[in-house]
Amino acid sequence: MDLHLIPGAVASDEEREAIDAAIGAAAPERHLLLPALHAAQAQAGWISPGALNHICARLSVPPAEGFGVASFYAMFATKRRAPRTVHVCDDIACRTKGAEAVCRSLEARFGPAGQDASGVNGAATWVRSPCLGLCEQAPAALVQRAGDARGDEAMAAATLEDLVLAVESGDARAAQRTVVPQTDAPRDPALRLLRRVGLVDPESLDAYRAHGGYAALRKALSMGPERTLREVTESKLLGRGGAAFPTGRKWEAVARNPVRPHFLVCNADESEPGTFKDRVIMEEDPFALIEAMTIGAFATGCERGFLYIRGEYPTATRRLERAIAQARARGWLGDNIMGEGVTFDIELRRGAGAYICGEETSLFNSLEGLRGEPRNKPPFPVNVGLFGKPTVVNNVETFANLLDILSSGGPTFASTGTAGSAGTKLFCVSGCVTRPGLYETPFGSTLRAVIALAGGVADGRALQAVLLGGAAGVFVTPDELDMPLTFEGTRAVSATLGSGVIMLFDDRVDLGDILIRIASFFRDESCGQCVPCRIGTIRQEEALHRLVDARQQGEGGTAREVTLINDLAMVMRDASICGLGQTAASAVQSALQKFPLDTFEAPQEAQ
Amino acid sequence: MDAVPMSFVRYVDLTIDGKSVRVPEGTTLLQACQSAGIETPTLCYAENLTPVNVCRVCVVEVEGARTLVPSCSRPAEPGMVVHTDSERVRHSRRLVFELLGSSVDLSTADPKYLADMARYEAVPERFDTGDATGHGAKATVQQPVKIDNELYVRDYSKCVLCYKCVEACGTDAQNTFAIAVAGRGFHATIATEFETPLPDSACVYCGNCIGVCPTGALMFKSEHDMREAGTWDESKQAVTDTICPYCGVGCTVQLHVQDNSIVRVTSPHDHDVTEGHLCIKGRFGFQFVQNR
Amino acid sequence: MFGAGGGTSAYREIEETDLIVLWGSNARETHPIFFHHLLKGKQAGARMFAIDPRRTSSVAWADVWMGLEVGSDVALANAIGREIIAAGLCNTAFIERATSGFEEYKAAVEPYTLEHGEKLTGVKADAIRDLAHSYARADRAQVCWTLGITEHHNAVDNVFAIINLSLLTGHIGRFGSGLVPLRGQNNVQGGGDMGALPNKFVGGQDVEDPELRAMFEREYGRPLLEKRGWHLSEMFDAMEKGDLRAVYVLGENPMQSEADAKRTRRLLEGLDHLVVQDIFLTKTAEVADVVLPAAASWCESEGTVTSSERRVQRVRKALDPPGQARDDIEILAALARRLGTDWGAPTAAAVWEEVRRLSPWHGGMSYARLEALNGLQWPCPTDDHPGSPTLHTRLWDDPVTGPRAPFEVVHHAPPVDELTEDFPLRLTTGRRLDSYNTGVQTGGYTSPLRHGERIELSPEDAERLQMVPGEVVRIVSRRGSVEAPVKIDPGLRPGLTFMTLHFPDDVETNILTIDAVDPRSGTAEFKAAAVRVEKISVAPAAEPVGASTAERTR
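Protein chains in written order, with this note's numbering: chain A, 230 to 836; chain B, 316 to 607; chain C, 7 to 560.
Calculated from the structure, these hints are not laboratory results. Beta carbons are placed, not taken as given, at the ideal position from N, Cα and C, and that holds for glycine. A few of these clues could be false.
To be verified - Covered, in the sense of this in silico footprint (three residues per stretch, anywhere, with C-beta under 8 Å from a C-beta of chain B), are these stretches of chain A:
1) 289-300
2) 443-451
Said to hold, decoys possible - Each computed PhoX-like pair below joins lysine-lysine, with the alpha-carbon atoms no more than 25 Å apart:
3) B:551 to B:536
4) C:125 to C:112
5) C:112 to C:130
6) C:323 to B:551
7) A:618 to C:48
8) C:493 to C:541
9) A:308 to B:461
10) C:46 to A:618
11) A:618 to A:606
12) C:206 to C:233
13) C:130 to C:48
14) C:247 to C:268
Just chain A, with the same shape it has in the complex (with noise of 0.2 Å):
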């Protein structure tokens, strides 16, 4: 390709170091642009045309695409800014936590977000941020540092103090944990996916394998792929992604499809507000997925591997990049798995801040090192998926549910839960909740015994609404809590059981506030690509925000806006080319829906 680069821009020689280190020593290819971008943001706290020049020449990268590409990351600067870069989370669940007072002390003391901090000498800025993926610890913050060798690091339950002293020198003191109250004493004993949480050492794989791990997968070896297969399939496990899909039908049609090679996708991309049962999953108990995916690999033909996980989660990235190479070294990922000729790697991948390569397609285009825009389907993934070739994807929580399935067999699997829902599920309970956590229950509990699993709401208020299923779900009113948390049982009710997030909103919280905050979130977050997306986010976001003005300052005029709102949400879902622009009106829906128009005004203590 005859490529121009932008004259004149040398990269400095931090940047072009840390920029071959990334690429490595392996052939340079364009699935490599995300880790350079990564690795030059990493070093200079922005991709600066000399890196990017550098970055397109190794990679034969035509510069405008290279652009393109790190214009689309939320993590990633195109224009000079400070080392260090403070995101701070007034997403949902952080706002039902005080986030927005904490937004706006910051305002007033270091500036606007998104410029550089005043006192702090262009050392550092802050930003607002979406959803970290740390709701049960509200409100959460990801310090991310250029230069240095702390690297990225997340931030659970901050105060105001704790974010000052982060922007100012850049210490994360108010370290992110675990919280999954079903492991504190008394330790549920049915706990399943979450067993080996807060008992085993995570980054030890002698302890995984002494508590049960690789069992699963040595058992996979001897039955042989077609075994698994089935057991996959007899199962009934369906997807945890959010659509619900049979996971045995799935990886039947790649095992089958004649086109090599066959990849293998871990979809840890996990970015729907209100959602962090990956995360736990990933730190927790990481060999577990290494297991799982090692074993959905042999059982459809795959030799290699993606781990896509989000960029705002630090934690989980170095758990799982310690795992890897534990079980690289151990010779159960590589060329010979376990002594029995079985070949599979796994390459972990960071995403950069952008929700919308949670969707597959989007998901494979940004680890080809293109933009992460949805494809349009069909085809699908098992015949034309990661780098055109047939590709088994599936969440986290899917994969960990291989190791039961093949411990216990697949019909013992599918005897749990109800007949439409089978295993277990991880419910992600945050917002006004006594026990915000991650929590397990078989399929078939009701809303309500979640609830009250979690303490119930917090302070002994109101429940004015629950969104269920995640941004892109749907609000339910306190009358709907008995409806059982299954898909059939959600879908019978027009709700969705998306990510399983639980988030609770008690009668103080202005849920006009929360409808902006979702509409923007889906603004921020449309890749741009389709019309109905692109263009009806702003416009549901605007007609909302007139909708809550209006009724806050009695103003009539509010049918006008909620018919373009109906009008919105219509062509979003029906002509959006993937399921973001398809979502993007459910919740907003659904409230306007359900609760009357009036609910939208600030009630005055949240003033």
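Since the structure of chain A is already known, use the hints to place chains B and C on it.
Below, chains B and C without anything else, positioned relative to chain A:
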């Protein structure tokens, strides 16, 4: 030569708006509609580019499908039952036009798109608020015209982000990749790296982006200047097909002539030599005949 | 080729070929729309070899670059041919059925072993072997070339050497397999087809064939010369000898386009009478006795042109010509009238009907069909003939119809202008994307890509000569010298320099080039001059610095 036939053509039977239609396998729903005499609006589709199905104005309803499907890229399948004028289809087409009309300057768009807007009774003004400030105010893509060379201008206030220029600059024709989509969401734009001016970019001024732009966002500078001066008058223009005077490839050029001056050069999209594409000399190298 | 002067394949065939050999062509810049078709072939999976002394923007798309020494093309082709034979990869059935002269060819290429080929061409033996095997094994393969093959003293040998390879492998006469010479200029193909060659009537018909000549004599009602005429370089030789004293130039600017510009000027200025018919007052027109202002044929008059894929297409009048400019046909008819023959007022359509009557290739090409079908590819003898996208398919008929295709024995002959201690650098010339020939046309528009004439040096030579970008230096050949600023091009190998012919008013590159001519094609060796490059910043001690500066910036 071998006596083997070049290919077997298999046919697909489907129903469109109650009519039985038979098309060769691989035919898109858009082509199937065309063959059935059903007019379908398009915007990001062009016969000389790979369908990107981003504008969503060509969507149709396929029974059994949860969402509407883009007819430009969806192949016809046996037994499909397609509706092109259902309430859902009309609604989506109308809203797409309204959304574009509410955020983009369509004043120089190809008249056929404006006719389609009228056909679907699109009223972009519905989204006007009167209030230009405040968080409920209507966002648009309004921005200054980019004039950084003597050959063509870029007015992204008129850009509907149809990706056609990116495709023509990229693998569908020129393979120069001087521009790409940058940014995200409503603020996504067509850009060079770091928005550098064209003379510093990879641009080779083939103008194939202009050739596919549906809205006049990309325009010959001569046309831009004439429009600014108020002298642009398409009613006084004639278009003549001839052959480029430069190298030996023999590209068909269409000379748009007003007052005995060439004011714009295009190439027919359905010509198997150029497929609508030219190089800098064919596109802009005509001036010498007017310098005599 | 084999009696038909045209490429064998339609452009679109390269989209479905398996192997592309781009030989002596920077099509990315000189034939951009053909390159679109080529890239479609690449996207569909074709492998591409680029043979070029320079690492051009076209080469950047190739899987393999073969950076040969300027003028070693025959040696390379023969080495490829020998390797194909030695490896047993010949298409023996095709050779036996459709060709002649194979044994002589085989014997002739025997000395061109891979090692010897590497020595003569500078291309690694492994790469030659790779190309030989890939070309021979490919189901379909296309070889494309441009002036890198034909602007040499042995241009015709170069072409024969490539044709030999196609005969060896059967990569000819089938869809996707063929030979594609890309014509440098808009209607070079058509000019030749229409009889604007010293030895041909319209339709490639030999003027020295008595039967054919008789047909034309019947048509024109008068006797015609029995012998072929002079081609361009023979005309200049005739001027030198005093045999040619009056010249009528139509649409050409030899004063600036011919190699060895000093000689050209002397000869043109020494003529008794020079007539120039052009759309511009060119440098040639400036010294003419009579200038006939013409309409621009592509947009101010009607007619046809023929492209590199033998496609005849209509040109049409879109503009009225300025001032006194008149249509070429009208001028010629008026001239004929002054000379005593009244042709009336012939139209382009009427002239075309004459072509259709007399040419065996064009009979089926009515204006109506040309317009309806976006042109037709010759041969198209009758009204119901679909035209011929692929030529020489007859070679695959069993048995072959018509004459066999002959191998032609050719041998390596290095460039005439030898490299010596005094002239150690090879200067080669070519075009840039936005400009064309002597810039008479492209000078009319403002190109953001245009930076004027420069002498391009390899980084190594620039360092050795201590020259920096932008520095004005003197380039000296055995014929003269010019001055130009330096540009450093990492795509040049040490010892190779590059200039264009686009800015003769600023830098007269053709002062440097050699008019060594292939006697058969009449094309000069623009691609290979021997030069040295000198710094001129060191002013002679006696001369005031100011004067030398003034001269440099004149």
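Numbers of unmet hints, in rising order: The structure conflicts with hint 2 only, although it agrees with all the remaining ones.
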